[in-house]
Amino acid sequence: MGKVIVITSGKGGVGKSTSVANIGTALAMLGKSVVVVDADIGLRNLDIIMGLESRVVYNSMDVIDGSCELEKALVTDRRVENLKLLAASQRNNKTDVQPEQMKDVCLKLRETHDYVLIDSPAGIEQGFENASSAAEAALIVTTPDVSAVRDADRIIGLLQAKEVSDLQLIINRFAPNMVKKGDMLNQYDVLDVLSIKLIGIVPEDPSIVGSSNRGLPLIYDATSEAAGAYKRIARRLDGQDVPVPEFKAIGWFSNMFGKLFGLD
Amino acid sequence: MVENRDVNDSIQAIPTHQIVELKGFRDGLRLMIDASASIEEIRVSVKERMANLGDSLAGTSIVIDTGGQELAAPDLEHLKSLIFETYGLEIVTDPESPAPTPDIQEDKQQKAKKEDLKSTKPNAAAAADSQSDVDRIIPTKRKTKPTAKAEATTPLLTDLPNREATHVIRYSLRSGQVERFFEGTLILFGDVNPGAEVIAGGDIVVLGRLRGLAHAGALGNTSAIIMAMNLTPTQLRIGHLITRPPSTGIRWSKPQPEIARVENDNIVVEPFNGF
Ligand SMILES: Nc1ncnc2c1ncn2[C@@H]1O[C@H](COP(=O)(O)OP(=O)(O)OP(=O)(O)O)[C@@H](O)[C@H]1O
Ligand SMILES: [Mg+2]
Numbered sequence: 074m075g076k077v078i079v080i081t082s083g084k085g086g087v088g089k090s091t092s093v094a095n096i097g098t099a100l101a102m103l104g105k106s107v108v109v110v111d112a113d114i115g116l117r118n119l120d121i122i123m124g125l126e127s128r129v130v131y132n133s134m135d136v137i138d139g140s141c142e143l144e145k146a147l148v149t150d151r152r153v154e155n156l157k158l159l160a161a162s163q164r165n166n167k168t169d170v171q172p173e174q175m176k177d178v179c180l181k182l183r184e185t186h187d188y189v190l191i192d193s194p195a196g197i198e199q200g201f202e203n204a205s206s207a208a209e210a211a212l213i214v215t216t217p218d219v220s221a222v223r224d225a226d227r228i229i230g231l232l233q234a235k236e237v238s239d240l241q242l243i244i245n246r247f248a249p250n251m252v253k254k255g256d257m258l259n260q261y262d263v264l265d266v267l268s269i270k271l272i273g274i275v276p277e278d279p280s281i282v283g284s285s286n287r288g289l290p291l292i293y294d295a296t297s298e299a300a301g302a303y304k305r306i307a308r309r310l311d312g313q314d315v316p317v318p319e320f321k322a323i324g325w326f327s328n329m330f331g332k333l334f335g336l337d
Numbered sequence: 304m305v306e307n308r309d310v311n312d313s314i315q316a317i318p319t320h321q322i323v324e325l326k327g328f329r330d331g332l333r334l335m336i337d338a339s340a341s342i343e344e345i346r347v348s349v350k351e352r353m354a355n356l357g358d359s360l361a362g363t364s365i366v367i368d369t370g371g372q373e374l375a376a377p378d379l380e381h382l383k384s385l386i387f388e389t390y391g392l393e394i395v396t397d398p399e400s401p402a403p404t405p406d407i408q409e410d411k412q413q414k415a416k417k418e419d420l421k422s423t424k425p426n427a428a429a430a431a432d433s434q435s436d437v438d439r440i441i442p443t444k445r446k447t448k449p450t451a452k453a454e455a456t457t458p459l460l461t462d463l464p465n466r467e468a469t470h471v472i473r474y475s476l477r478s479g480q481v482e483r484f485f486e487g488t489l490i491l492f493g494d495v496n497p498g499a500e501v502i503a504g505g506d507i508v509v510l511g512r513l514r515g516l517a518h519a520g521a522l523g524n525t526s527a528i529i530m531a532m533n534l535t536p537t538q539l540r541i542g543h544l545i546t547r548p549p550s551t552g553i554r555w556s557k558p559q560p561e562i563a564r565v566e567n568d569n570i571v572v573e574p575f576n577g578f
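Heads up: the sequence lines are chains A and B, in that order. 74 is the number of the first residue of the first sequence in our numbering; add one for each residue after it. 304 is the number of the first residue of the second sequence in our numbering; add one for each residue after it.
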């Protein structure tokens, strides 16, 4: 029996889908059987980020209305065969699905997979209700800015009210140089407000945009710092004890220092 | 405003215009109206009484209590629309008031609310002989006035000197969460995060960090205080007064208990050194 984890945020565009694609892939590369579920009904895009768009035939709506078997609706990843995707319907909207229906689907998936990762839409409305209905744990994604943190706090309150108590935080798009200049909150500021466990910090990485557009999760890029961060998050999620490194601002001195001493 | 420095008196009725009195109770508010006054007087008094209370009351339910006296149906209707439209309060019909005309019949939701009130009433037996439904639920001071029929009522805790109803919350409030307690003092064991709100008819004590919004004396009592172990709010309100921390700069001082109170119509914040 696996675990159902919702990846959610209050504010939109903070990197939920990116996180689901990369953590899902990383867990699968660790040998786990993983299903990623796109719960952003009406606005599907997880399949695009994962490069699976052309393989999608059925979606969760077809499973819910009984026109397709659950197993048949799962799309197998191109590179890792123990990674599957359950796509969202684009023709329907969020209110066409009830939380109970979504829950049934996820609980069934849990019987045959180690991890069921649900990509939640932003916000606190029905889409969030659907996405979190089966979740026993949640990863809350925020960027280190005041408004995203405020919305993350709201979502945490709602999850706690639903008695989802296993909550961990991903700080995404962390830019040490901006923190150093005081233009961005640091991780301590963020954790001071949210007071939940930190599972990882993903640095700002311009190559993410290109990798999403190519449908090749960043995780395959061995040189990317963000890829390393997602791999560490996957291992922590899987129960391994992996320390969170400090992300240092890159200035002239630290750059030289890092190069000279191979600390980069 | 009201020069009333007695902290213990924070939730007792504030001396207002005799014609209307606004009180907070566990389940909402009660506006007590002397129906013998003219509608114009009542209207002015209501406005006066409710002026500058801000949006802290919005969305709560209010009972209009005319003390069994007749208030012409159109006048009552007029008052209801004034209160609802101007202050955003949900009006719960007081069964004591004159028979409602068809268009002010309470809807299902309001009925349900009232059922709630009934089910939580504390001392039914003590006041069972009262003719009024609501009065049985919430005995008011007014009933002990000479004009009221002498009857045995159990006084509320708040009717005893130096005693107040208190609402204790043992968790932190996150953004978007609001806790209100109009009946008396609110004590919170936890933090009030940015974007969260605590509102009380009396004092507010936060045994943690207050970083959101707090409104003490929400029914207009400027003698109410706000205290927190660490006071870095986005906004403080006491009665009708509002203050924000200076927009420039962050407070670097070591966290220490602080108290906010009203002095000369200003909210002042100072380290707490005992009462
Ligand atoms: N660490 C990062 N560095 C740089 N860009 C990033 C990073 N994470 C995400 N992005 C970019 O931010 C944008 C939004 O990401 P994504 O679609 O994953 O967010 P989302 O939370 O799923 O959005 P929505 O709320 O719309 O579903 C994308 O263009 C993505 O490439
Ligand atoms: Mg998304």
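Since the hints were derived computationally from the structure, they do not count as laboratory data. Take the hints with a grain of salt, since some may be wrong.
[Claimed, not checked] Here are the simulated distance ranges between beta carbons: (1) B:472 with A:238: 13 to 23 Å; (2) B:548 with A:317: 29 to 39 Å; (3) A:180 with B:568: 53 to 63 Å; (4) B:472 with A:209: 46 to 56 Å; (5) A:264 with B:510: 16 to 26 Å; (6) A:254 with B:474: 57 to 67 Å.
[To be verified] Partial pick of chain B residues on the chain A-facing surface, computed with a CB cut under 8 Å: (7) 496; (8) 497; (9) 498.
[To be verified] Take a look, some chain B residues computed to stay more than 10 Å from chain A by CB distance: (10) 346; (11) 351; (12) 356; (13) 376; (14) 466; (15) 494; (16) 514; (17) 544; (18) 566; (19) 575.
Heads up, the beta-carbon is just placed ideally off N, CA and C, and yes, glycines get one too.
Exercise. In terms of Cβ atoms, is chain A entirely out of 10 Å range of residue 351 of chain B?
Worked result: Fine: 37 Å to the nearest Cβ keeps residue 351 of chain B off the interface.
Problem set entry | Distance rule for residue 575 of chain B, whose beta carbon must clear each one in chain A by more than 10 Å | 22 Å, holds
For this session: Under 8 Å, Cβ to Cβ, is where residue 497 of chain B needs to be relative to chain A, so tell me if that hint holds or is violated.
Result: 6 Å, holds
Exercise. Minimum Cβ separation between residue 356 of chain B and chain A greater than 10 Å?
Worked result: Label holds. Min Cβ-Cβ 26 Å, cutoff 10 Å.
Exercise. Per the CB criterion, is residue 498 of chain B less than 8 Å away from chain A?
Worked result: 5 Å, holds
Exercise. Is 16 to 26 Å a correct range for the gap between the Cβ atoms of residue 264 of chain A and residue 510 of chain B?
Worked result: 21 Å, holds
For this session: With 10 Å as the threshold, tell me whether residue 566 of chain B passes as away from chain A on beta-carbon distances.
Result: 31 Å, holds
Problem set entry | 10 Å cut-off, C-beta based - residue 376 of chain B kept clear of every residue in chain A | With a cut-off of 10 Å, residue 376 of chain B remains clear of chain A, as the shortest Cβ separation is near 41 Å.
For this session: Over 10 Å to the closest beta carbon of chain A is the bar; see if residue 514 of chain B clears it.
Result: Non-interface label fails for residue 514 of chain B: nearest chain A Cβ at 8 Å, not farther than 10 Å.
For this session: Using the beta carbons of residue 472 of chain B and residue 209 of chain A, state whether their distance is inside 46 to 56 Å or not.
Result: Given about 27 Å between the Cβ atoms, the range is violated.
Exercise. Given a hinted range of 29 to 39 Å, is it respected by the beta-carbon distance of residue 548 of chain B and residue 317 of chain A?
Worked result: 32 Å, holds
For this session: Compute the least Cβ-Cβ separation between residue 466 of chain B and chain A, then decide whether it is above 10 Å.
Result: 33 Å, holds
Hint compliance for this structure: hints 4, 6, 15 and 16 are not met, and every other hint is.
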